[in-house]
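Place chain B on chain A using the hints.
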Amino acid sequence: MVKITGAEMLLESLKKERVSQIFGYPGGVVLPIFDALYKDPSLAVVLTRHEQGAVHAAEGYARTTGEVGVVLVTSGPGATNTVTGLVDANMDSIPLVVLTGQVPTKMIGNDAFQEADIVGISRSCTKHNFLVREISELPRIIKEAFYIARSGRPGPVLVDIPKDVITDRGEFHYPEGLSLRGYNPTVQGNRWQIRKAAQLISKAKKPVLYVGGGVIGSDSHEELGELVGLTQIPVTLTLMGLGAFPGNHPLFMGMLGMHGTYAANMAVHHSDLLIAVGVRFDDRVTGKISEFSPHSKVIHIDIDPTSIRKNFRVDVPVVGDARLILSDLIEDLRKIRDEEGLVPIEDWNRQIEAWKEEHPLTYKKDPEVIKPQFVIEKTFDLTDGDCIVSTDVGQHQMWTAQFFKFLAPRTWLTSGGLGTMGYGFPAAIGAQRAFPKKRVIAVTGEGSFMMNIQEMATVASLEIPVKIIILNNQYLGMVRQWQEFFYGGRYSSSFIGQSPDFVKLAEAFGVAGFRATKPDQVEEILLKGLSTKGPVLMEFMVDPEENVFPMVPAGGSNIEMIFEAPPPPQKSGKAGRREKDAVITA
Amino acid sequence: MSADPSQRKHHIQILVENRFGVLTRVAGLFSARGYNIESLSVGQGIDPSVAQMTIVTVGDDRVVEQITKQLNKLVDTIKVVDLSESSFVSRETVMVKVNTTTRPEDRQEAFRIAEIFRAHIVDTSPSTYTLMVTGEEEKIEAMVGLLRPLGIKELVRSGTIAIAREDLRSAPKGSRHDGEIPA
Chain A
43 MVKITGAEML LESLKKERVS QIFGYPGGVV LPIFDALYKD PSLAVVLTRH
93 EQGAVHAAEG YARTTGEVGV VLVTSGPGAT NTVTGLVDAN MDSIPLVVLT
143 GQVPTKMIGN DAFQEADIVG ISRSCTKHNF LVREISELPR IIKEAFYIAR
193 SGRPGPVLVD IPKDVITDRG EFHYPEGLSL RGYNPTVQGN RWQIRKAAQL
243 ISKAKKPVLY VGGGVIGSDS HEELGELVGL TQIPVTLTLM GLGAFPGNHP
293 LFMGMLGMHG TYAANMAVHH SDLLIAVGVR FDDRVTGKIS EFSPHSKVIH
343 IDIDPTSIRK NFRVDVPVVG DARLILSDLI EDLRKIRDEE GLVPIEDWNR
393 QIEAWKEEHP LTYKKDPEVI KPQFVIEKTF DLTDGDCIVS TDVGQHQMWT
443 AQFFKFLAPR TWLTSGGLGT MGYGFPAAIG AQRAFPKKRV IAVTGEGSFM
493 MNIQEMATVA SLEIPVKIII LNNQYLGMVR QWQEFFYGGR YSSSFIGQSP
543 DFVKLAEAFG VAGFRATKPD QVEEILLKGL STKGPVLMEF MVDPEENVFP
593 MVPAGGSNIE MIFEAPPPPQ KSGKAGRREK DAVITA
Chain B
165 MSADPSQRKH HIQILVENRF GVLTRVAGLF SARGYNIESL SVGQGIDPSV
215 AQMTIVTVGD DRVVEQITKQ LNKLVDTIKV VDLSESSFVS RETVMVKVNT
265 TTRPEDRQEA FRIAEIFRAH IVDTSPSTYT LMVTGEEEKI EAMVGLLRPL
315 GIKELVRSGT IAIAREDLRS APKGSRHDGE IPA
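These protein sequence lines are chains A and B, in that order. Once you know that position 179 of the first sequence is 221 in my numbering, the rest is easy, because the numbers rise by one and skip nothing. Once you know that position 159 of the second sequence is 323 in my numbering, the rest is easy, because the numbers rise by one and skip nothing.
It should be emphasised that the hints constitute simulated quantities derived from the structure, not laboratory data. Just so it is clear, CB atoms sit at the ideal spot from N, CA and C, and this is done for glycine as well. Be careful, since some hints might not be right.
[Unchecked claim] For lysine-lysine, the following DSBU-like pairs were computed, each having C-alpha atoms within a straight-line distance of at most 35 angstroms:
hint, chain 1, residue 1, chain 2, residue 2
1, B, K261, A, K238
2, B, K237, A, K148
3, A, K377, B, K173
[Stated by the list, open to error] Just so you have them, the derived chain A footprint on chain B, three or more residues with Cβ under 8 angstroms:
hint, segment
4, 221 to 230
5, 267 to 275
Isolated chain B (complex conformation):
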């Protein structure tokens, strides 16, 4: 995170027409203004003609307001929501291929870490494990930090996806949110 207090992380959810070239338009809008995209994920929405993007960017509120307005201005953009304005749930999936042969206890250690973080071992070889975990950024950072001494061979991240929380007051009884404490 940047030291400048005015700079904060924003999770922006964008619904766009599912057409060729749209991703370039969105990404180009950031690059043309020198705004950095920290993470980006795209996928089809409920309606196959709509694609859903989650972009994580860092900036002061004025810059992010300008970004969301510019995104809205794109002809192919259907809806833009800065999720950081209210509470939301965000998750990222990471797959890490770690060495398990540097020290004799490494294989056990990798297994333990996987258990602690509720990671799945999705691939294995005599000298490696591949761990997959889903969570918020802090959880992923923590797990990666613990795996680092073992020797990380490869690491891939899905990019963050995020969704707004339902307003608890308006929700009917019984339909509680997923139990997590809002950020």
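Bound-form chain A, shown alone:
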């Protein structure tokens, strides 16, 4: 058999895993891999302008396609720059394989040029990681890496490949199967537990479905829809779950938690049965945990056994794949319906309708100032929701989650667990590469956008037609909101009015740029921006002091929502501080 290099072996292995797209950045030790890529047109490379951008782009690719996102970077700084993305993917269960170059085996540990112990660094922020010690191990490790990344609770896997392994030659045999005796994720849910869950559901008077990203990861949105159709149980989604259930469905209550809807938080609080599917009872969801859903029995369906009872009590845990479990559950419920009937829940759903009417998601319109929520609503209206939307982190993220009605799974990209500013724009690039014909919109703020703005060069050079919407309120808005509410209005380091002229900056990158400053320009700019070919940046100068409501103050109970700002303690001092901040930031 012909001997090939480690670099070639790596590419052959990637092709065996059906990879066609890589996000990466070259450098010293991975030069032979990039050289092999140059000769192999079947693997496309998006050159980002920073390794962090490459990881987020791969996350966007993975989340929208359901495939494993692949990243290729060099050793040392190339590898360390992937860390934020790795943590992000680990928290949000995004399947990635991150390939890092490493200094030659003999030099590891010698403080060689561009050496970093990335296996050590990434141990706690990957699902698993590998150091390839010789070329003969390479195909097996790549196979295991992909299997681990995509199975069970998905997550990032890092493979560190030393230079000598990359350049060595060997015979290529891609293993057919694999044996990982320590890794056998439970897929099929326990039948007995599922039957118990069905019994509880059939008797509940005030049930609530609390659904998260696990339903998207396991592609079980159809089963979820079927379950709701059968039982008429109302649904609330977590931030990561948006799109798992249609945002315009009458039984959809909106998001729950810190910036969730009144109806969702009230329903969870008064519920007698919480059916948690693919969620992990995050603190931003539960608020004060001792007062979360205090009257309910709890069914928890999750692929990750460590999620169960980590934060919250559970009466019926079911570990396994949500799709299979929901199918079994539906089957059991049908049987119960036919034999004994299900307890009717019309009264409960009427109560929820009343809560929806009592405090709907809303904001005060203003003829002079653009309200950020208005931009999101308009974007939804003009696109009929038929697009992929990514966000960064902060107020704009919450407004998008609240006001854009996500209709389908895998159309929503956001950094939920880690809250990574700078995630959204590169994630949109990855999504657009996966779906070149689809409309991909990156909603961001002027703060977050600056954190990975270098990717403007990526979209310009590859003509990736991402549409960027910047909601510019001249503040790190969420920080400012907390400072307004809880820090006496002292806007410490949150004023960033000295941002660059984003429209001119877009032009400098070779990207079309538009700006709206008045509410009556919003629709026009959106129409113009969305219909312009290629990448486009749209900047909306929005109300600087608009707040995200409802809000549950951190550590508060979810039914202690506030709908307006608490009275400002020292209104007079604000302007002066703002000016001072402006000087500092300039």
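What follows is chain B alone, placed relative to chain A:
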């Protein structure tokens, strides 16, 4: 032992792939969550590709349940058993180098203590004895306590190793356990 009654000692037995980096993964899991490892011992199992670990940790049942689940989640972990759930045998070996020259009777005294605890004297010099003893924690603590007035120069502990007891009911006649009363 901690005063908090919910906190109790757990002996966790872990079978892992015998590969580089696995110990760091296991230990890292404890340190990342601020859980303390009281004792840890590692060695090769029957199958040379498997390493056997015994970890002793203190925590309430919820914390330990989370620890065992997290350990199970590691790709290189083959099996995790919280031995404290049922009866088990645990032993630790300690070697103590004691001064025998502070008082004239010290050399005799060290020898007597060794006899009482069935310790072996594994090294000797004109001014010291090195005692080695194997036993449960209480026995070791007791011996060390008696040796302390002599002046302990050095003390090393192997870390606890533990193994589950066979269920007496299922065991065939004659194959009794080692005679110790279960803890």
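Each hint, compared with the structure:
1. K261(B) / K238(A): It is violated: about 61 angstroms lies between the C-alpha atoms, which goes past 35 angstroms.
2. K237(B) / K148(A): Satisfied, since the Cα-Cα distance of roughly 32 angstroms is no more than 35 angstroms.
3. K377(A) / K173(B): Status violated; Cα separation ~47 angstroms.
4. 221 to 230: With 3 residues close enough to chain A, the hint holds.
5. 267 to 275: n = 0 at 8 angstroms, threshold three: violated.
Hint compliance for this structure: hints 1, 3, 5 are broken, all remaining hints hold.
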